[in-house]
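Enquirer: Take a look at the letters that make up each chain.
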Amino acid sequence: MILSASGAHHYEMPLSLRSFTSLKRALLSSSSPSLLLRGSSLVPTMAASSTTTVSSTDAGAQLNQSAPSSPPVQVAKRLEKFKTTIFTQMSSLAIKHNAINLGQGFPNFDGPDFVKDAAIEAIKAGKNQYARGYGVPDLNSAIASRFQKDTSLVVDPEKEVTVTSGCTEAIAATILGLVNPGDEVVLFAPFYDSYEAVLSMAGANIKCITLRPPDFAVPLEELKSVVSANTKAIMINTPHNPTGKMFTWEELEFIAKLCKENDVLVFTDEVYDKLSFEMEHISMASLPGMFNRTVTLNSLGKTFSLTGWKIGWAVAPPQLTWGVRQAHSFLTFATSTPMQFAAATALQTSDSYYEELKRDYLAKKAILVEGLEAVGFVVYPSSGTYFVVVDHTPFGFENDVAFCEHLIEEVGVVAIPTSVFYLNPEEGKNLVRFTFCKDEATLRGAVERMKQKLRKR
Amino acid sequence: MEGKVSRASRKLESSPIQELSQLAQTCGAINLAEGFPDFPAPPHLKAAALSAITADFNQYRHVQGICHLLATQMKDHHGIAVNALSDFVICCGQSEAFAASIFAIVDPGDEVLLFDPAYETYESCILLAGGIPVYVPLSPPDWSFKKDELMKYFTSRTKAVVLNSPHNPTGKVFTKDELETISEACKIMECFAITDEVYEYITYDRELHISLASLPGMQERTIITSSLSKTFSVTGWRIGWACAPANIASAIRNIHVKITDSAPAPFQEAALTALQSPPDYYCSLRTEYEARRDYVVQILSVLGFQVRFKPKGSVFIFAELPDHCELSDIEFVKKLIEKAGVAAVPGCGFFHTTRQPQDGEKYQRRYIRFAFCKSGETLSAARQKMEKCVNEDGQLCL
Numbered sequence: 001m002i003l004s005a006s007g008a009h010h011y012e013m014p015l016s017l018r019s020f021t022s023l024k025r026a027l028l029s030s031s032s033p034s035l036l037l038r039g040s041s042l043v044p045t046m047a048a049s050s051t052t053t054v055s056s057t058d059a060g061a062q063l064n065q066s067a068p069s070s071p072p073v074q075v076a077k078r079l080e081k082f083k084t085t086i087f088t089q090m091s092s093l094a095i096k097h098n099a100i101n102l103g104q105g106f107p108n109f110d111g112p113d114f115v116k117d118a119a120i121e122a123i124k125a126g127k128n129q130y131a132r133g134y135g136v137p138d139l140n141s142a143i144a145s146r147f148q149k150d151t152s153l154v155v156d157p158e159k160e161v162t163v164t165s166g167c168t169e170a171i172a173a174t175i176l177g178l179v180n181p182g183d184e185v186v187l188f189a190p191f192y193d194s195y196e197a198v199l200s201m202a203g204a205n206i207k208c209i210t211l212r213p214p215d216f217a218v219p220l221e222e223l224k225s226v227v228s229a230n231t232k233a234i235m236i237n238t239p240h241n242p243t244g245k246m247f248t249w250e251e252l253e254f255i256a257k258l259c260k261e262n263d264v265l266v267f268t269d270e271v272y273d274k275l276s277f278e279m280e281h282i283s284m285a286s287l288p289g290m291f292n293r294t295v296t297l298n299s300l301g302k303t304f305s306l307t308g309w310k311i312g313w314a315v316a317p318p319q320l321t322w323g324v325r326q327a328h329s330f331l332t333f334a335t336s337t338p339m340q341f342a343a344a345t346a347l348q349t350s351d352s353y354y355e356e357l358k359r360d361y362l363a364k365k366a367i368l369v370e371g372l373e374a375v376g377f378v379v380y381p382s383s384g385t386y387f388v389v390v391d392h393t394p395f396g397f398e399n400d401v402a403f404c405e406h407l408i409e410e411v412g413v414v415a416i417p418t419s420v421f422y423l424n425p426e427e428g429k430n431l432v433r434f435t436f437c438k439d440e441a442t443l444r445g446a447v448e449r450m451k452q453k454l455r456k457r
Numbered sequence: 001m002e003g004k005v006s007r008a009s010r011k012l013e014s015s016p017i018q019e020l021s022q023l024a025q026t027c028g029a030i031n032l033a034e035g036f037p038d039f040p041a042p043p044h045l046k047a048a049a050l051s052a053i054t055a056d057f058n059q060y061r062h063v064q065g066i067c068h069l070l071a072t073q074m075k076d077h078h079g080i081a082v083n084a085l086s087d088f089v090i091c092c093g094q095s096e097a098f099a100a101s102i103f104a105i106v107d108p109g110d111e112v113l114l115f116d117p118a119y120e121t122y123e124s125c126i127l128l129a130g131g132i133p134v135y136v137p138l139s140p141p142d143w144s145f146k147k148d149e150l151m152k153y154f155t156s157r158t159k160a161v162v163l164n165s166p167h168n169p170t171g172k173v174f175t176k177d178e179l180e181t182i183s184e185a186c187k188i189m190e191c192f193a194i195t196d197e198v199y200e201y202i203t204y205d206r207e208l209h210i211s212l213a214s215l216p217g218m219q220e221r222t223i224i225t226s227s228l229s230k231t232f233s234v235t236g237w238r239i240g241w242a243c244a245p246a247n248i249a250s251a252i253r254n255i256h257v258k259i260t261d262s263a264p265a266p267f268q269e270a271a272l273t274a275l276q277s278p279p280d281y282y283c284s285l286r287t288e289y290e291a292r293r294d295y296v297v298q299i300l301s302v303l304g305f306q307v308r309f310k311p312k313g314s315v316f317i318f319a320e321l322p323d324h325c326e327l328s329d330i331e332f333v334k335k336l337i338e339k340a341g342v343a344a345v346p347g348c349g350f351f352h353t354t355r356q357p358q359d360g361e362k363y364q365r366r367y368i369r370f371a372f373c374k375s376g377e378t379l380s381a382a383r384q385k386m387e388k389c390v391n392e393d394g395q396l397c398l
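Residue numbers (full-length UniProt numbering), protein chains in the order written: chain A, 1 to 457; chain B, 1 to 398.
In isolation and in its complexed conformation, chain A is listed as follows:
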């Protein structure tokens, strides 16, 4: 294979999905923080699937056999930032150890019947061919209506709403459509892992601000020092994954002021907006003067427990929507048609659905939080999402990865080590993330296991 002018980039054989112990060794033996990320290298995602499980050792052996002794293959340099997600690694280990999975953020209960029925009707009615690229009109309208109810902003479904394959794609389309190589983009750590990867795909120059416990408040002066006329965009996720933090009015106003002064865009990921418990969710787009410079991202999956349907969207003024739509049309071209019709039905549901959703999740949250506190974690307050981050250090492990390994292997519970959500993993090594988007029996079961087997040191 041709070696690039800037030097050979030998693509390493993907690590087989070896046991987490050796992964830990690899991670801990590295001195540089970037190596920490590189340690969790390009392992094929053997995702958890209830119908078709693959044992990790088989996969490993197979990989070693199958990899051709071909010349070093030239993959793009941007791949350095694209690692196997920690989620799928954890899920594979969970299966292997029969652990209760409070790591990956999808429910183990299903979505509401009325939405599933709508999808079934759409398939039967023959809505199985390409939808209009930027969305089925009914869904664009439903999104616009919902957005208006939530923010009081009136948006044009034809010009200001774009439907994508999940919010993941909305994020990718927004960044690829609007960010140039070399543009400065501000990111708050810890962050959902696709932000950094896609920003590096776009060649952006990332400026990272860390949110710190106990309340993960935005360090306003630090933010101010980083934003300038050179800043292209600020990325916000509220309610925030993994901490559950919700950006306050004061924080959003401060950010808005900086944006207006420096002509900066905001990309805001609000997929958990309906899971806001301790305060009202506030959309940046609704602040004075902000709609024209904000792309608001959301999806169906979290609100309606249908994460596998991949229906997401971006709401933005026409001049920003255009860039999003361009990128989207070359990333996936169109979004799953029957699910779009069902999503339109879902979004037209009355507020009682959302109230019940909140009640259910609050009950689940109580079980988990009380349980975690009883076990001995330091539990940080989570205002929204279905995540909670805790400090694991009372249990005496040197970092989050080591703790999570122990938790799976000896206790039989999965959590996510949050260091992967930081540019500098050192900053997250005391924290792990639990989810409560599981049925109550599962949550109680996990708490029980931890009470019995997790001991402070």
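It should be emphasised that the hints constitute simulated quantities derived from the structure, not laboratory data.
All C-beta atoms in this analysis are idealised placements derived from N, C-alpha and C, irrespective of residue type, glycine included.
Among the hints, a few may not be true.
[Unchecked claim] On the chain B side, residues computed to face chain A include the following (Cβ under 10 Å):
(1) Pro40
(2) Pro133
(3) Tyr135
(4) Pro137
(5) Ser250
(6) Ile252
(7) Val257
(8) Gln268
[Claimed, not checked] Dumping the calculated BS3-like pairs for lysine-lysine here, alpha-carbon to alpha-carbon at most 25 Å:
(9) A:Lys124 - B:Lys388
(10) B:Lys187 - A:Lys77
(11) B:Lys147 - B:Lys310
(12) B:Lys334 - B:Lys388
(13) A:Lys96 - A:Lys358
(14) B:Lys46 - A:Lys127
(15) B:Lys187 - B:Lys152
(16) B:Lys176 - B:Lys187
(17) A:Lys127 - A:Lys159
[To be verified] Pair by pair, the computed Cβ-Cβ distance ranges are:
(18) B:Ser51 - A:Asn230: 49 to 55 Å
(19) B:Glu180 - A:Lys77: 29 to 35 Å
(20) A:Val154 - B:Lys362: 53 to 59 Å
(21) B:Lys362 - A:Asn292: 39 to 45 Å
(22) B:Ser375 - A:Pro381: 58 to 64 Å
(23) B:Ser51 - A:Pro213: 32 to 38 Å
(24) B:Glu19 - A:Val378: 57 to 63 Å
(25) B:Tyr282 - A:Lys159: 41 to 47 Å
For chain A, the structure is supplied; the task is to place chain B on it using the hints.
Expert: Leaving out everything else, chain B in the frame of chain A:
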């Protein structure tokens, strides 16, 4: 605020296909433009999707069974041995598989060869990744290329060749000789091939689709992309895949996970049913499409179009405007929509080179693409509408 749009996406223009499509909709024209069926998806597939939704296959998932079924097909149909556990990436359609593949291997400044005319999306992906599209013109009327000419387009910066066969818009199926030529070039120049094989099961006149990866020395450097969409008439389900050696598949997968993370779950389940369709299904598919092809070739010929190349595959006919017609392709299509109430696609959107044949005419403005993935009723209605606009010689006159 327009300055806020990325440079890359600003290079991409709104597609003439989309604009004319909107005109067609406004005029209520019969749509022979866009390449998706107006007949229902196969019942056994729909039933499988309904079951999956009801049985709660609705959360993020990767259905490994798809990979095993595809691996078997590759072995049986092409003699290619792939590893089901490591060589596949299930994506939201071939569209995403292609985009992820490009992002996995193309660095800024890398050149990617494309055959012209070409489906418009390939170039956009390449540009978005910072790559440079380089076009190898296919020569009318049979859309062939010369071996020695092909080599001229390779440079030390060539990273990959994109091969779409069966081909949109011409309906060409690349021959064994042509594939050998392409494979030799790829091996000499040590570059990748990315194939788009979405029409792999839609071939005619007993022509068989040959997968480039099945040629000697090609599997290790070829990324195959395809999907359920055209084979199973479910273009709206977004189930596609990339298949490549484990190292490359891993790279593609890692990109895919950041672009969409997962293809729609219930349709992945339904894909298991689709991919276990009996040989009968594929026979009928071919037979029925061949009948449609023949029908439309005949109509267009009678109406005065020059169909000098009968498609050997895909669901498209790339017909040349009647000799006497002085309109450009766009003007012609506009009139076809407005006067005859039938929509087709002007060929210029597919051409990117400006090479002219010896008679000096710009052939790139003389072609119209008609899709025949439509029901008998639709095709018949289209014929009737066009027949209303003929002159005394029975030729279409707009």
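Enquirer: Next step is simple, just say for each hint if it's right about the structure.
Expert: Going through the hints against the structure:
Checking B:Pro40 against chain A: minimum C-beta separation of about 5 Å stays under 10 Å; hint holds. Interface restraint check for B:Pro133: the shortest CB-CB distance to chain A comes to about 13 Å, outside 10 Å, so the restraint is violated. Hint on B:Tyr135 is violated. Least Cβ distance to chain A is approximately 18 Å, over the 10 Å limit. This hint is violated: B:Pro137 has a C-beta 23 Å from the nearest C-beta of chain A, more than the 10 Å allowed.
Satisfaction of the interface hint for B:Ser250 is found here, the shortest Cβ-Cβ separation to chain A being roughly 5 Å, below the 10 Å cut-off. Taking 10 Å as the C-beta contact cut-off toward chain A, the hint placing B:Ile252 at the interface holds, the least distance being around 9 Å. The closest approach between the C-beta of B:Val257 and any C-beta of chain A is roughly 6 Å, which is under the 10 Å cut-off, so the hint is satisfied. Interface restraint check: B:Gln268 against chain A, minimum CB-CB distance 8 Å, threshold 10 Å, status holds.
Note on A:Lys124 and B:Lys388: the hinted pairing is violated, with a Cα-Cα distance of about 36 Å set against a maximum of 25 Å. Of the pairs offered as hints, the one joining B:Lys187 and A:Lys77 holds, with about 22 Å between alpha carbons and a cut-off of 25 Å not exceeded. Distance hint between B:Lys147 and B:Lys310 is fulfilled; the C-alpha atoms sit about 23 Å from each other, no more than 25 Å. Between B:Lys334 and B:Lys388 the CA atoms are separated by roughly 16 Å; this keeps the pair inside 25 Å, and the hint holds.
For the suggested pair A:Lys96 and A:Lys358, the alpha carbons sit about 33 Å apart, so the restraint of at most 25 Å is broken. Annotation: proposed proximity of B:Lys46 to A:Lys127 holds, straight-line Cα distance about 11 Å (limit 25 Å). Our distance criterion of 25 Å between C-alpha atoms is met by B:Lys187 and B:Lys152, whose separation comes to about 15 Å. As the CA atoms of B:Lys176 and B:Lys187 are separated by approximately 16 Å, the hinted pair is consistent with the 25 Å bound.
A distance of roughly 23 Å separates the Cα atoms of A:Lys127 and A:Lys159; the hinted pair therefore holds under the 25 Å criterion. Against the hinted window of 49 to 55 Å, the Cβ-Cβ separation of B:Ser51 and A:Asn230 comes to about 54 Å, which satisfies the hint. In this structure, B:Glu180 and A:Lys77 meet the distance hint of 29 to 35 Å, their C-beta atoms being roughly 32 Å apart. Between A:Val154 and B:Lys362 the C-beta distance comes to about 47 Å, which lies outside the given range of 53 to 59 Å.
Taking the beta carbon of each, B:Lys362 and A:Asn292 are about 43 Å apart, inside 39 to 45 Å as hinted. In this structure the hint that B:Ser375 and A:Pro381 lie 58 to 64 Å apart at CB holds, the actual value being about 60 Å. Distance hint for B:Ser51 and A:Pro213: a CB-CB separation of about 46 Å, inconsistent with the stated range 32 to 38 Å. The hint said 57 to 63 Å for the Cβ distance between B:Glu19 and A:Val378, and at roughly 59 Å that hint holds.
Range check, B:Tyr282 to A:Lys159: Cβ separation about 43 Å, and the 41 to 47 Å hint holds.
Violation of the numbered hints given earlier is confined to hints 2, 3, 4, 9, 13, 20 and 23; the remaining hints are satisfied by the structure.
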